[in-house]
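> These are the residues of each chain, in order.
2 protein chains.
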Amino acid sequence: MKEIAKLLGYRKDVRVIDATMRDGGLVNDFRFDDEFVRALYETNIRAGVDYMELGYRASKELFDVNRYGKWKFCDDEDILDVIGDNGEKKVKLAVMADVGRCDYRTDIRPRTESPVDLIRVATYINTIPAAIDMIEDAKSKGYEVSCNLMAISSAQEGDLRVALDMLGQTPVDVIYIVDSFGALYPEQLARLCALFMEFADHYSKTVGMHAHNNQQLAFANTIEAVGDGVNWLDATYYGMGRGAGNCPMENLLGLLKNPKYSVYPVIKFIENYMWKLKDEGVVWGYDLQYLLTGIFNQHPRSAIAFTKEKRRDYTEYYKELTSQE
Amino acid sequence: MKEIAKLLGYRKDVRVIDATMRDGGLVNDFRFDDEFVRALYETNIRAGVDYMELGYRASKELFDVNRYGKWKFCDDEDILDVIGDNGEKKVKLAVMADVGRCDYRTDIRPRTESPVDLIRVATYINTIPAAIDMIEDAKSKGYEVSCNLMAISSAQEGDLRVALDMLGQTPVDVIYIVDSFGALYPEQLARLCALFMEFADHYSKTVGMHAHNNQQLAFANTIEAVGDGVNWLDATYYGMGRGAGNCPMENLLGLLKNPKYSVYPVIKFIENYMWKLKDEGVVWGYDLQYLLTGIFNQHPRSAIAFTKEKRRDYTEYYKELTSQE
Chain A
1 MKEIAKLLGY RKDVRVIDAT MRDGGLVNDF RFDDEFVRAL YETNIRAGVD
51 YMELGYRASK ELFDVNRYGK WKFCDDEDIL DVIGDNGEKK VKLAVMADVG
101 RCDYRTDIRP RTESPVDLIR VATYINTIPA AIDMIEDAKS KGYEVSCNLM
151 AISSAQEGDL RVALDMLGQT PVDVIYIVDS FGALYPEQLA RLCALFMEFA
201 DHYSKTVGMH AHNNQQLAFA NTIEAVGDGV NWLDATYYGM GRGAGNCPME
251 NLLGLLKNPK YSVYPVIKFI ENYMWKLKDE GVVWGYDLQY LLTGIFNQHP
301 RSAIAFTKEK RRDYTEYYKE LTSQE
Chain B
1001 MKEIAKLLGY RKDVRVIDAT MRDGGLVNDF RFDDEFVRAL YETNIRAGVD
1051 YMELGYRASK ELFDVNRYGK WKFCDDEDIL DVIGDNGEKK VKLAVMADVG
1101 RCDYRTDIRP RTESPVDLIR VATYINTIPA AIDMIEDAKS KGYEVSCNLM
1151 AISSAQEGDL RVALDMLGQT PVDVIYIVDS FGALYPEQLA RLCALFMEFA
1201 DHYSKTVGMH AHNNQQLAFA NTIEAVGDGV NWLDATYYGM GRGAGNCPME
1251 NLLGLLKNPK YSVYPVIKFI ENYMWKLKDE GVVWGYDLQY LLTGIFNQHP
1301 RSAIAFTKEK RRDYTEYYKE LTSQE
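For the record, the sequence lines run as chains A and B. The first sequence begins at 1 in the working numbering and counts up one residue at a time. The second sequence begins at 1001 in the working numbering and counts up one residue at a time.
None of these hints come from the bench; they were simulated from the model. None of these values were measured; they are calculated from a predicted model. A hint or two may mislead.
Interface residues of chain B toward chain A, partial, derived using beta-carbon atoms under 10 Å [said to hold, decoys possible]:
id: 1; residue: Arg1038
id: 2; residue: Asn1126
id: 3; residue: Leu1217
id: 4; residue: Ala1218
id: 5; residue: Ile1223
id: 6; residue: Glu1224
id: 7; residue: Glu1250
id: 8; residue: Leu1255
id: 9; residue: Ile1270
id: 10; residue: Leu1291
C-beta atoms are modelled at their ideal positions from N, C-alpha and C, and glycine is treated no differently.
Pulled out of the complex, with its shape left as it was, chain A reads as follows (with noise of 0.2 Å):
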């Protein structure tokens, strides 16, 4: 059954991943400050956060360099220069790379050379093999490294299977359940949570948990997660994340019990930094448009494009998504 329900103890193997700046980066195109970036890093450390995601690691082929922030890039001297290189790390730095759209052969250099710890491999569970090779080279490299199965509600559970079996011969340390258009419920997760541990436990890997709010459901499946066996869990500062946001780290430091995490931190973060964000006119967050997306277990590029053009006609928009099926 599930051990979370010892709710007044811990599980000590239970890591907590800040995604702020790489999910919340998609909703401000990656434009933090440095100021953000620094009070965020000490934040971290404060609260007992694990990992701390800067961003993607993109291709600078792909993507103009002047239509983003740095941290769609994350250069390692990028990093060196904002957080610095201060002895021992308190928290861990990792960086996106997206199948795709990370030129990883030389844009990732050996470990040793980095700041990063950790390399997030980012695929759809089609482009498996590209993402095998992505987690080959970070690891040959020195690097943790995770792998992003994304909107796993819309794959078959016999393709899956075939990708957990691939993923689990590779040296991937941990491989993540990524509900990215918000549309499992928590019996539907508890049993891709099933799936994924049997071949975790097999193949000695960790397994994590990605969720999108959509239906109101992050926090909600990010407890059932690790409930059923998932040690990596991510959040975001307030939510901050692409169209209706991510579980909310304060949400999740208020569930956890291991007496090194703290919540006042964050409670004081937000304060500080997130509400600017949302005066500037930054907007992430649960509305009726994701909810839609996610009852319909569709991608929310359409509900983002609701969002931006301000609409409120539902009904129309009810009318659009149905009949794309």
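Chain A is already provided as a structure; the job is to place chain B on it using the hints.
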């Protein structure tokens, strides 16, 4: 195991109760205009909602009729005047009667003389004898009757067993779990559901769930409850309700697979009426201050005041909350 896990099927005993005007009335002093009420009534019929709670039947000795809209009192005449008495009703009508705040002997007439079908008796665990008197009064007058056990997250299990045994021996039809503080995690709720179901099975009662969204878990906890055998599910349009609000109707009808339910009319109503309320300055919904009272298992009244004063000094508020403990 969880019955709702068979997500593609449904359980025919499930009932959906629209509590928008009652719990939502707490944030606009029950000032819903007649057009709103008629449209909501029609929408509930189209959406397949089973019961519609119109408000409180509050004592006019205790509450000033000029300070509140008429749905604080729900006079039979007002109900008939707005909704009419159009033969066969497709959605049953309910009012809430609070222990100590309702002159039930005089203000609740025999059912044959009233458009109301269901009396919802709301009580804390320390006023069960008074609640039982109200239950027996309403039952003797011919109504369906539920008893809503409020602030359940701060009740002792020993007391709860006594209360459930006392209620089991009354003619009450439905016993509700009410997470007034939005403090429960799904696993804690699962234990409470098991306890309520134990007495409900013994005494042939039905169990209901009324959730609050302080931790963004109102919908998740409603899913948990229905999976644990709870049949009566409260929801409100756009989650409208006191403080962080309730389980949103649109989320719940997106989950339930009984073809009698339809989410489209709900979306339409929100587009036409709920946004108007928001634009007029009526405030409800999840925010950090409600998360904190949820985490600390406290009544949200201080968070409601924080919201009203448009405060954003969350860290000060955090200290106020924790120093009260």
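> Next step is simple, just say for each hint if it's right about the structure.
Hint-by-hint comparison with the structure:
For B/Arg1038, the interface hint is violated, the least distance from its beta-carbon to any beta-carbon of chain A being 19 Å, above 10 Å. For the restraint placing B/Asn1126 at the interface with chain A, the shortest Cβ-Cβ distance is roughly 26 Å, beyond the 10 Å limit, so the hint is violated. Below 10 Å, beta-carbon pairs count as interface contacts, and B/Leu1217 has one with chain A at about 6 Å; its hint therefore holds. A cut of 10 Å between beta carbons decides the hint on B/Ala1218: the least distance to chain A is about 8 Å, and the hint holds.
Hint status for B/Ile1223 relative to chain A: holds, with the closest Cβ pair at about 6 Å, below 10 Å. Residue-level restraint check for B/Glu1224 holds (minimum Cβ-Cβ distance to chain A is 7 Å; threshold 10 Å). Because the smallest distance between the Cβ of B/Glu1250 and any Cβ of chain A comes to about 6 Å, under 10 Å, the interface hint for this residue holds. With a least beta-carbon distance of about 7 Å to chain A, the hint placing B/Leu1255 at the interface is held under the 10 Å criterion.
At its closest, the beta carbon of B/Ile1270 sits 6 Å from a beta carbon of chain A; the interface hint therefore holds under the 10 Å criterion. Here the hint on B/Leu1291 is kept, as its CB sits about 6 Å from the closest CB of chain A, short of 10 Å.
This entry does not satisfy hints 1, 2, going by the numbered hints stated previously.
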